[in-house]
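Please arrange chain H on chain R, whose structure you already have, making use of the hints.
2 protein chains.
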Amino acid sequence: MTDIFEKSKRTHYSNEIGPELAGETVKITGWVHEIRDLGGIVFVLIRDKNGITQLTAPSKKLSEEMMADVRAARKETIITVTGTVQESAKAPNGVEIIPSNIDVINVSKLPLPLDPTEKVDAEMDTRLDARFMDIRKHDVSAIFKIKNEILHTARNYFYDHDFTEINTPKLVASATEGGTELFPITYFEKEAFLGQSPQLYKQMMMATGLDNVFEIGQIFRAEEHDTLRHLNEALSMDAEMSFRSHEDVMDLLEDLIKNILSNVESNCQSELEDLGHELDIPKEAFPKVTYDEVVDIVNSQDVEMEYGEDLNRAAEKVLGDTMGSYYFITEWPSAIKPFYVMPLCDDPEKSTAFDLMYRDLELSSGSQRIHCYDLLLDQFEKKDLNPDSFT
Amino acid sequence: MTDIFEKSKRTHYSNEIGPELAGETVKITGWVHEIRDLGGIVFVLIRDKNGITQLTAPSKKLSEEMMADVRAARKETIITVTGTVQESAKAPNGVEIIPSNIDVINVSKLPLPLDPTEKVDAEMDTRLDARFMDIRKHDVSAIFKIKNEILHTARNYFYDHDFTEINTPKLVASATEGGTELFPITYFEKEAFLGQSPQLYKQMMMATGLDNVFEIGQIFRAEEHDTLRHLNEALSMDAEMSFRSHEDVMDLLEDLIKNILSNVESNCQSELEDLGHELDIPKEAFPKVTYDEVVDIVNSQDVEMEYGEDLNRAAEKVLGDTMGSYYFITEWPSAIKPFYVMPLCDDPEKSTAFDLMYRDLELSSGSQRIHCYDLLLDQFEKKDLNPDSFT
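Line order of the protein sequences matches chains R and H. Per the numbering used here, residue 1 is the first one in the first sequence, and the count goes up by one each step. Per the numbering used here, residue 1 is the first one in the second sequence, and the count goes up by one each step.
Isolated chain R (complex conformation) (with noise of 0.2 Å):
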């Protein structure tokens, strides 16, 4: 057993390692991904985090004793390689390591409750119950830096943008927006509930004169859906500006997805790769419907939907299917919208609302706010909401 103090366990990761390497020694550390003995040769795959790289070991050229530990290695047992890097067109990445060294750090137990090779399909319930070795395959290890690349590229936008990036409290003494329901906590003595949404706080932030900022983090709905659309704590990505018009809103929210698609396809590759998914990059501006539109275009396709309703799963699948690709819906009704949605100056039965739709999936919604203390009072009274339960 190797020391685990020792400095560092790998020089480069799989894909770090190509022909261009060929006679240098490399380090690599990473999961034994299957094994082949041949008998004169016995050949192994590594996984590591960006790739899987071949230990290649013939019995003529090795010791007795480095052979017995190569021939030791089982499935998902971790291992440090130390090697010659080697030309070969048929491994991986076009090159196979002779190792000098090998240290075992931890043994797998066998049989594995699943195989990441996925050579053998696993049920989701043992997907589940065996996560950590789920993540192992990189089809789905993949999502992880796929999602770490659209954060990544989101924060620096709103940093780069001049936003400030808060935390709103997610313990919250009421429910105050309506919508959903809320997860009830036992706060001491006292009932509080799960934050559903930071969207009151970030609106009020607007008053600190902060001008812009942004959040990224977790928001808690208590619904019981049995759906692949809804979840019961998810993250959202939320961000206000003041002195802004939902043109102006609409506008940066294009401009970020644009940057993050743009993003994920240049660094994520082989990521993209592992998913087998191509990437719908729109070169041109998002076209916008307004809401007249949207109920034209379902009603024209055989599917009902009344004025001042919101979509349904049928409307938004004919509405997705018209559109295809990104799309925002605008000038909603005022009615069915929050209470602190600006209507439009000339007609203040449509709002300033819009949604952002991929297909037949909203992605972000927003308006601009309304600023006027009267406007806004009416609104309370519109909305059947008591303005004390605000302050």
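Read the hints as simulated data drawn from the structure, not as lab findings. Misleading hints may appear alongside valid ones.
Okay, derived cross-link-like pairs now, DSS-like style, lysine-lysine, Cα gap no bigger than 25 Å in a straight line [to be verified]:
| hint | chain 1 | residue 1 | chain 2 | residue 2 |
| --- | --- | --- | --- | --- |
| 1 | H | K202 | R | K137 |
| 2 | R | K109 | H | K350 |
| 3 | R | K147 | H | K147 |
| 4 | H | K258 | H | K317 |
| 5 | H | K317 | H | K350 |
Counterexamples of contact, computed for chain H against chain R with all Cβ distances above 12 Å [to be verified]:
| hint | residue |
| --- | --- |
| 6 | P99 |
| 7 | L272 |
| 8 | D360 |
The beta carbon of each residue, even a glycine, is placed where N, CA and C say it ideally should be.
Using the frame of chain R, we list chain H on its own:
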């Protein structure tokens, strides 16, 4: 009243307008901070996110209408001013703006709940009741801006060092780590809890092969503290690395802290000035004291501390006075550290656990984790924990 959909409310923030812009036309938007009406001339200080700019209105040069607009300004009203920059030795930033247009965006309601010019001090209750106004004070918003710089630096540090950002669940089925009280939630028909720390999740991520992960997110602790040092909801920075020793982790932590301090010093000069605070940036390596040495230091200062005890407040205080600035406490007794902490190879009664301290304040703690199955089982037994509750 101006058109609220107008494209841009400002060309500059206050701190961007200096004598080098003399003669140019600028547009600023902000809150009326102060008004001084001398009859023939009116001075209005306009405060925005980044500073204060003086609007100067000499009645001889401006129309009666414009003078009426200026005189109608009241404290905390939001206005947009377009005008010509003119040098003025007495004004903030050495410039004043002679207005050519004034738009009132929103009129404040008097009397104000508190005075953002801070000529009148406010009680803490008043400040919290009118928190949106409290944050208008530059010394209060400075804290938000510095926090933003800290988060920005920390996240980029992790991104740059090949960490994957993760988001672990905050709704958890049971308390597994101990050491604190949890908030109970009603999760549909079941009881659940709010997460006290992503600790075990990030450790489990190491078994997935992602190697380095981090999370910056909210944690919840249901302790009835009445101190300035504990919060029931707080933001926690967590990182975890595979195939690394506790020495490596301390190196990373020290480097991260130095990066944060250096970026705050470079990018938050005016915020530090607003707070009247000078940063203590250590140039040397953070000193390390072992737990044994800590016990000696504390006892030598006439504060009692038994071997095997955690540091109480009195002990933290004398230790902080002795050590000053940043330092690590290393080699904590294994007995008072969590089950997953790796003992020292050559002295298993002591552990790889460390704390990072700033004077008498614990900033962070860490350790190498146990990666050997049998040793971990041993530890469960020693700590009277049931392994089944961790599966």
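Going down the list of hints, with the structure as the test:
At most 25 Å may separate the alpha-carbon atoms for a hinted pair to count; H/K202 and R/K137 meet this at roughly 18 Å. Annotation: proposed proximity of R/K109 to H/K350 is violated, straight-line Cα distance about 29 Å (limit 25 Å). For the suggested pair R/K147 and H/K147, the alpha carbons sit about 24 Å apart, so the restraint of at most 25 Å is met. For a cut-off of 25 Å, the pair hint linking H/K258 to H/K317 stands: about 23 Å separates their Cα positions.
Restraint check: the Cα-Cα separation between H/K317 and H/K350 comes to about 24 Å, which is no more than 25 Å; the hinted pair holds. The beta carbon of H/P99 is kept farther than 12 Å from every beta carbon of chain R, the shortest such distance being approximately 18 Å. The beta carbon of H/L272 is kept farther than 12 Å from every beta carbon of chain R, the shortest such distance being approximately 16 Å. No Cβ of chain R comes within 12 Å of the Cβ of H/D360; the nearest lies about 25 Å off, and the non-interface call holds.
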